[in-house]
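Participant: Using the hints provided, position chain X relative to the given structure of chain W.
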Amino acid sequence: MTEPGSMEPFETRFAGHVRAYTDAATARRIDALLISRTAMSSRGAMGWSAGRLGAGLLGRRIAGGRWAAALVAVVLIGVVAIAVLEQPSIIGPQTTPSPATSAGGPIPDVLRHSWQRPYAVTPDLDQWPTGFLSLASGLLDFGPAPGTEASRSAVTAAGVDTLVVTATVETRGCAIGDIGAYRWSVEGKGTVLSLTTIDADACAAREEALAGQWVRSDLPLPGDGGATLPPGMYLTTAFDPFDKPGLSGQLSYTVPKGWKVKEDQAATFMLHHLPGASSSQTSTDSFVFLWAQPRMAADFAEGAICGPPVSEAPGVGRGVGDIVAAIMARPGVVSTPPAAVTIGGYEGQMLDLHLAPSWIGGCQAPEGPIVGMPILLLSSSETGPVAAIGPETPLRLILLDLSDGRTMSIGIFNLDPSGASSFEAQVAAVMPVIESFQFHAPTP
Amino acid sequence: MIGVVIAEAEPQSSIVARAIAGDEVAFARIVAAHHDDMARIAFFVCGDLDIAEEAEQSAWAVAYRRLEDLRDPDRLRPWLMSIAANEARQIGRSRRRRTVRELAVAAPTGPADPDHAALIDLANALARLDPKDRAIVGLRFIGGFESGEIGRAVGMSASGVRVRLHRLLERLRKDLGDD
Chain W
863 MTEPGSMEPF
873 ETRFAGHVRA
883 YTDAATARRI
893 DALLISRTAM
903 SSRGAMGWSA
913 GRLGAGLLGR
923 RIAGGRWAAA
933 LVAVVLIGVV
943 AIAVLEQPSI
953 IGPQTTPSPA
963 TSAGGPIPDV
973 LRHSWQRPYA
983 VTPDLDQWPT
993 GFLSLASGLL
1003 DFGPAPGTEA
1013 SRSAVTAAGV
1023 DTLVVTATVE
1033 TRGCAIGDIG
1043 AYRWSVEGKG
1053 TVLSLTTIDA
1063 DACAAREEAL
1073 AGQWVRSDLP
1083 LPGDGGATLP
1093 PGMYLTTAFD
1103 PFDKPGLSGQ
1113 LSYTVPKGWK
1123 VKEDQAATFM
1133 LHHLPGASSS
1143 QTSTDSFVFL
1153 WAQPRMAADF
1163 AEGAICGPPV
1173 SEAPGVGRGV
1183 GDIVAAIMAR
1193 PGVVSTPPAA
1203 VTIGGYEGQM
1213 LDLHLAPSWI
1223 GGCQAPEGPI
1233 VGMPILLLSS
1243 SETGPVAAIG
1253 PETPLRLILL
1263 DLSDGRTMSI
1273 GIFNLDPSGA
1283 SSFEAQVAAV
1293 MPVIESFQFH
1303 APTP
Chain X
193 MIGVVIAEAE
203 PQSSIVARAI
213 AGDEVAFARI
223 VAAHHDDMAR
233 IAFFVCGDLD
243 IAEEAEQSAW
253 AVAYRRLEDL
263 RDPDRLRPWL
273 MSIAANEARQ
283 IGRSRRRRTV
293 RELAVAAPTG
303 PADPDHAALI
313 DLANALARLD
323 PKDRAIVGLR
333 FIGGFESGEI
343 GRAVGMSASG
353 VRVRLHRLLE
363 RLRKDLGDD
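Sequence lines, in order, name chains W and X. Okay, so the first sequence: first residue is 863 according to this note's numbering, each after it adds one. Okay, so the second sequence: first residue is 193 according to this note's numbering, each after it adds one.
Next comes chain W alone, as it looks inside the complex (with noise of 0.2 Å):
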């Protein structure tokens, strides 16, 4: 037999056999303060007192400013906690000490989800250029990213509208036991979570994690092609219309019912609404295209085989102006004047374009000539995609200034068997998913 230090070879073995076998016993996430205040209840059987406690409390004032800074931070929940609740709350001074989760009742199942931020979330500190929460019974996890960076703190409810959460672990700045209240509220179907502190948070680095808007991130995801997403607001996953590298930029949606996301990537996204699936919808497929940083496509050379590469039109500016102007001149391109619009706070240019009944361009393919025209580049590869029109295809095409030079296209297509005779009808159905749009711009 050895001692610690020089193990045999099946001691080692062993060793993390049992390290293995005991993991399952630390998987359990703990409250720590509440351990502690449990434990140190237990004490009241052997003579535990107000008096002690009091003698505590104002020892840790004399010892030092930060821990009377917590009790005042604890003083002045429970004051907020008393107004809410209009009934007393341990949250606040206690006579006997009492375990933390008895001060408030479970977080309703509205809150208990996995939220993401829509922008960087403090835009001074580096360590939080995005950010997770995790809401779950007793337990609020929150950090950069999911894992082993969280920050942890027990919640309870405080009153309808109020969480209180208090420090576990100690990281990012929190001591445990540090405490904070929060108001809550949820909108978009509850898809939208907004935090905002009620005074200051005793770990004023959790503040500035947790206040401001979150959005749901364990909804199915929309772009699996599968169900159809419930009618309420959305929030694009990977889709950043500002297509800042580096930086956090999404973009938030509302739709009825029958619509789910086909695609979410970096530079695009794609909303599909189905035929039938709402009688105050469109009756055919609806394909909404959004394109961050889309280029004004060169058309087809004559007897061009069809395919990429597609080039970008030599000349042509990458700003609103300079994308409309260049389509309202492309030869066999009709469209109807640009009108202004404002979606999303952002301004721009929409107008709808056909192609010219006389127009016979476009490229050959191995089955024939397709009579068509590429307009938009729309990514910054030139094997990416390109959008087009055709003799049945119309587009109806809204080009937004983000400034910053920065431009972001929506394109509205219809797979209508009847042709573009309804084309106006069934665009005027889509745009009100159009005008939910908004933006979270990253943070410089």
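Keep in mind the hints are simulated off the structure, nothing from the lab. Treat the hints with care, as some may be off.
Claimed, not checked - Have a look at the derived ranges for each label pair, beta carbon to beta carbon: (1) W:Ala-1100 with X:Asp-322: 55 to 61 Å; (2) X:Pro-203 with W:Asp-885: 26 to 32 Å; (3) X:Ser-206 with W:Asp-1023: 47 to 53 Å; (4) W:Phe-872 with X:Ala-209: 39 to 45 Å; (5) W:Thr-1058 with X:Gln-282: 44 to 50 Å.
This structure is a prediction, so every number in the text was calculated from the model and none was measured. By construction, the Cβ of each residue, glycine as well, lies at the ideal position given by its N, Cα and C atoms.
Facilitator: Just chain X now, kept in the frame of chain W:
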């Protein structure tokens, strides 16, 4: 800004002293720092997750009551783990009426997993040991403690622990087929 508390390094002796003085946050720091070890040793000794949880909770209450008896704060970890081991032994003993024993080994996620089989073998081998023997083995392989420290926890001499550990490991080696 009210109530900003910045975490800072603090000697263990100071944390223990503040916990003894009734500072619940200081004791919570001790809980957070030693929960994993407490949970592991309690589970290792009793072999049941529910009993282990109960034992750990009980151990924290015992630890707080006896914290003033801890003369050397640097011995906090073995002291806490020995309390957890003893609580697990006592609570486990009181539950002997249980006739069906669950092997609390996480189910494998894929096809036949040799590591999973090894853990089941280990659980079975441990189930055949006396709780005190499991505590001795656990304090060595979870706590990493030397024989003298283990002896203080279980009421044996260091040499007695060494002999006992030698026999226990020989038995486990055979039971686990690691010859």
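Participant: At the C-beta level, are Pro-203 of chain X and Asp-885 of chain W separated by a distance inside 26 to 32 Å?
Facilitator: holds, 30 Å
Participant: Verify the CB-CB distance for Phe-872 of chain W and Ala-209 of chain X against the hinted window 39 to 45 Å.
Facilitator: This hint holds: roughly 42 Å between Cβ atoms.
Participant: Looking only at beta-carbon atoms, does the pair Ser-206 of chain X, Asp-1023 of chain W fall within the given range of 47 to 53 Å?
Facilitator: violated, 40 Å
Participant: Does the beta carbon distance between Thr-1058 of chain W and Gln-282 of chain X stay inside 44 to 50 Å, or does it fall outside?
Facilitator: Roughly 49 Å apart at Cβ, these two residues keep to the hinted range, so it holds.
Participant: Could you say whether the range 55 to 61 Å given as a hint is met by the Cβ separation of Ala-1100 of chain W and Asp-322 of chain X?
Facilitator: With Cβ atoms ~57 Å apart, the hint holds.
Of the hints listed earlier, the one the structure fails to meet is number 3.
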